[in-house]
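Each chain is listed here by its residues.
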Amino acid sequence: MTEQRTVQFRVFRYKQGRERPWYDTFDVTVTPRTTVLEALQFIRRVHDPSLMLRHSCHHASCGTCGMRINGQERLACITRVHDIAGERVTVEPLANLPIIGDLVVDMKAFYAKFTPMAMPLIRHSEFLPEAEPPEGVDTYTRLENCIECGLCVSVCPVAASDPLYLGPAALAAAWRVVQEPRGQNVPEILAQVDTAHGCWRCHIAMECSAVCPSHVDPGAAIMALRGTLIRQHLPWRRKQQGGDAHEPR
Amino acid sequence: MNRGELVPRRRWPAWFDVRGRHVSGWAFILNRLTGLGLVLYLIIHLWVLRLLTQGEARWNAFIALAKTPPFLVLDTILFFGIIYHALNGIRLTLVGLGIGVSAHKRMFWVLMGIGLVLFVLSTWGLWTMTK
Ligand code: HEM
Ligand code: SF4
Ligand code: SF4
Ligand code: FES
Numbered sequence: 022m023t024e025q026r027t028v029q030f031r032v033f034r035y036k037q038g039r040e041r042p043w044y045d046t047f048d049v050t051v052t053p054r055t056t057v058l059e060a061l062q063f064i065r066r067v068h069d070p071s072l073m074l075r076h077s078c079h080h081a082s083c084g085t086c087g088m089r090i091n092g093q094e095r096l097a098c099i100t101r102v103h104d105i106a107g108e109r110v111t112v113e114p115l116a117n118l119p120i121i122g123d124l125v126v127d128m129k130a131f132y133a134k135f136t137p138m139a140m141p142l143i144r145h146s147e148f149l150p151e152a153e154p155p156e157g158v159d160t161y162t163r164l165e166n167c168i169e170c171g172l173c174v175s176v177c178p179v180a181a182s183d184p185l186y187l188g189p190a191a192l193a194a195a196w197r198v199v200q201e202p203r204g205q206n207v208p209e210i211l212a213q214v215d216t217a218h219g220c221w222r223c224h225i226a227m228e229c230s231a232v233c234p235s236h237v238d239p240g241a242a243i244m245a246l247r248g249t250l251i252r253q254h255l256p257w258r259r260k261q262q263g264g265d266a267h268e269p270r
Numbered sequence: 009m010n011r012g013e014l015v016p017r018r019r020w021p022a023w024f025d026v027r028g029r030h031v032s033g034w035a036f037i038l039n040r041l042t043g044l045g046l047v048l049y050l051i052i053h054l055w056v057l058r059l060l061t062q063g064e065a066r067w068n069a070f071i072a073l074a075k076t077p078p079f080l081v082l083d084t085i086l087f088f089g090i091i092y093h094a095l096n097g098i099r100l101t102l103v104g105l106g107i108g109v110s111a112h113k114r115m116f117w118v119l120m121g122i123g124l125v126l127f128v129l130s131t132w133g134l135w136t137m138t139k
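Chains as they are written, first to last, in our numbering: chain A, 22 to 270; chain B, 9 to 139.
To be clear, the hints were calculated from the coordinates, so they are not data collected in a lab. Be aware that a few hints might be false.
Partial selection, computed: residues in chain B whose CB lies under 7 Å from chain A [to be verified]:
1. E13
2. V103
3. S130
Far from chain A by the CB rule (all over 10 Å, computed), these chain B residues [unchecked claim]:
4. G12
5. G28
6. I52
7. L54
8. L60
9. P77
10. D83
11. G89
12. I90
13. I107
14. V109
15. L119
16. G123
17. V125
18. F127
C-beta: ideal position from N, C-alpha, C; glycine also.
So here's chain B without its partners, still in its complex pose (with noise of 0.2 Å):
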């Protein structure tokens, strides 16, 4: 490189730069978003499961707020997460290892045609079971 060239720095927020982007581009950006929301997901379960060593009321108060609209949306958001990256997570590994590189794109619709299915239901149960 010579002096006087312009580097321009992009690193990581050049991984949801969405102009121009195709199917598998966008599948990589929302794979990358779910998996760290995924981790963060983990990480507040994990803390609000510290609930349970204080005793049988404060769980009880905090399956109550759960039971609550805002807190189902945010579940409905997190059964998107799971099921999207799970579902893509499954291409991925087999695209990985070389195996139906070529189709990899209708795998991708196919396996999100099997996610629309179970998102759906999932959510209907979610939202008609914590009546």
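Pulled out of the complex, with its shape left as it was, chain A reads as follows (with noise of 0.2 Å):
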């Protein structure tokens, strides 16, 4: 016999045309394996059909679940009621981009951000065969892991308050491009981050790498970024190259 226990939801609402959000409380029968998303479902299925939220997969692969639980940034498909201490779950869309409704945020800043960054990272199989690391990389990781979800976004504390800010999931990719430029123009690239709402605008709170669902640690890769530039705006490195790869902005 599996252990149920009741859990009351208390989720943030937002409906386009209403002044302000509010808060609706649900009562939900859980299980040790029922998840927040699956508990929404349910909200929505028997208790009100107009709660709005977005998922797809259900396994931590499409990046469309996240929001804030307990005011912490987490995919909804993989986050277990029963993890969560306390008999209430307050759940809440993520933060720092607009809300559409409910549970549902619009995507396209964060897009508008970072498919500039992301865009030549196709991706190929690092598991066939065939697939040999390049000479001077050991092995493979898997640094295209990043879904798209937006919590490393949601949950920087300068990204809230800097809304020019490039963000975690950009720079991300960007260091991604610089490791692996696939043919791309890494001194753009570079250029592009180079800026006082890019990589330099990071407080190292490191709450993006804490969060992030799929080890991408953008963290690491902002702080990454900031080392290739700073070698390469040393003034013997700059006579070295015949001067600066690109003028600071």
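Reconstruct the complex from the two isolated chains, following the hints.
Laid out in structure tokens, this is it:
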């Protein structure tokens, strides 16, 4: 017999046309295996069909079910209700992005920054036997793990106060290109992040790396970009290279 | 952005949103608070030093006041702020230059260990030497 219990879900609500958001509470009976996403789907099925949420894969691949669960950025599909302390679960949309309705945020602003950096990343399988790592690389670490969930942007304190900040996901994508350019223009990518709203804006709170469900470690990527840029800007390096790769912006 | 979408204003209060924070997030919050606290202290400190230009008696009267327990408690908080901010600042400087990034948490705890020793010693010195 599975151990069941009733948990109170406090869900953030917002509908366009309404002046301000509000919270609704719903009781949901859960088993040890019930995920937050399943509980929300139950709420929509049984209590309120107007509840808006986004999901697809149910297994941490599509990156659409990101939300704040008791204030913590998580993928709802792999967060078990039982693993959350307390009898009450507060569910809110991701922060630092406009809210379309209820738990659904508008990812346009995310992709406006992410896509220019991430476009070169067309995936070739690292697992094919013939996929030899290039020279200088011992093993493949899967750096294009990013599932574009936006958790890192939601948790980032800098993204909260600087709307122009490129943000952890886009910067991690930029570092990915620098590491493995695949014919891309690396100096141009570096120039794009070498700005006050680029990699220099980060305050090293490292929350992005802590919440990333896919081990992208954007914080480390940002520091790697900085290290690369600092070395590039060193006066003796500049002379050696016959000038800077680009003018600092 | 479409009309009708909700854009919650978070701005600077979001810096101090502690829900679900990890150690490095707490470190950031504390660094910001102690940094601002240190600026505030510096202003007060310079303002108080102005008494030096107003004769020995006024300065001595202030020093006597500064040795009373309420002021020593403030000094203790100041010691915490200086030690925390300086040591965490060393870590941020290194990590910000791309040095020791993967060890940033370990570095934090080692530096905090050193900080605790410094804090205990300096606070002990403060309270005994002003007796
Ligand atoms: C003792 C040596 C010190 C070190 C190693 C140090 C280091 C640092 C570092 C690395 C930062 C950047 C933090 C970030 O990127 O978020 C910082 C921020 C700051 N520091 Fe210091 N600092 C020191 C002393 C001071 C003093 C004496 C004051 C005040 C008079 C001060 C005030 C501030 C302020 C206001 C900030 C901005 C806070 C923020 O951005 O979160 N610091 N410090
Ligand atoms: S870097 Fe991680 S947290 Fe950020 S969008 Fe990609 S997968 Fe999500
Ligand atoms: S490390 Fe930088 S990008 Fe990541 S959460 Fe902190 S401030 Fe944001
Ligand atoms: S539903 Fe696809 S990541 Fe959660």
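Cross-check of the supplied hints:
1. Below 7 Å, beta-carbon pairs count as interface contacts, and B/E13 has one with chain A at about 4 Å; its hint therefore holds.
2. Nearest Cβ of chain A to the Cβ of B/V103: about 6 Å, under the 7 Å cut. The hint holds.
3. Violation of the interface hint for B/S130 is found here, the shortest Cβ-Cβ separation to chain A being roughly 26 Å, above the 7 Å cut-off.
4. Once the 10 Å rule is applied to beta carbons, B/G12 is inconsistent with being away from chain A; the minimum gap is 3 Å.
5. Interface exclusion of B/G28 from chain A breaks down, the closest Cβ pair being 3 Å apart, not more than 10 Å.
6. No Cβ of chain A approaches the Cβ of B/I52 within 10 Å, the least distance being about 26 Å, so the stated non-interface status holds.
7. Listed as outside the interface, B/L54 is consistent with that label: its C-beta sits roughly 27 Å from the nearest C-beta of chain A, beyond the 10 Å cut-off.
8. Every Cβ of chain A is farther than 10 Å from the Cβ of B/L60; the closest lies at roughly 37 Å, confirming the non-interface assignment.
9. The claim that B/P77 lies off the interface holds: its Cβ sits roughly 36 Å from the closest Cβ of chain A, which is beyond the 10 Å cut-off.
10. Taking the minimum C-beta to C-beta distance to chain A, about 28 Å, the non-interface status of B/D83 holds against the 10 Å cut.
11. At the 10 Å boundary, the C-beta of B/G89 stays outside the reach of chain A, the nearest C-beta of that chain being 18 Å off.
12. Once the 10 Å rule is applied to beta carbons, B/I90 is consistent with being away from chain A; the minimum gap is 20 Å.
13. Residue placement check: B/I107 does not keep its beta carbon more than 10 Å from all beta carbons of chain A (closest about 8 Å).
14. Here B/V109 does not stay apart from chain A, with its beta-carbon only about 5 Å from theirs, under the 10 Å limit.
15. The claim that B/L119 is not at the interface with chain A holds, since no C-beta of that chain comes within 10 Å of its own (minimum 14 Å).
16. Chain A leaves B/G123 outside its interface by the beta-carbon criterion, the shortest separation being 18 Å against a cut-off of 10 Å.
17. Every CB of chain A lies more than 10 Å from the CB of B/V125, the least distance being 24 Å, so the non-interface label holds.
18. Non-interface call for B/F127 relative to chain A: holds, since the shortest CB-CB distance, roughly 23 Å, exceeds 10 Å.
Violated hints for the displayed structure, listed by number in ascending order: 3, 4, 5, 13 and 14.
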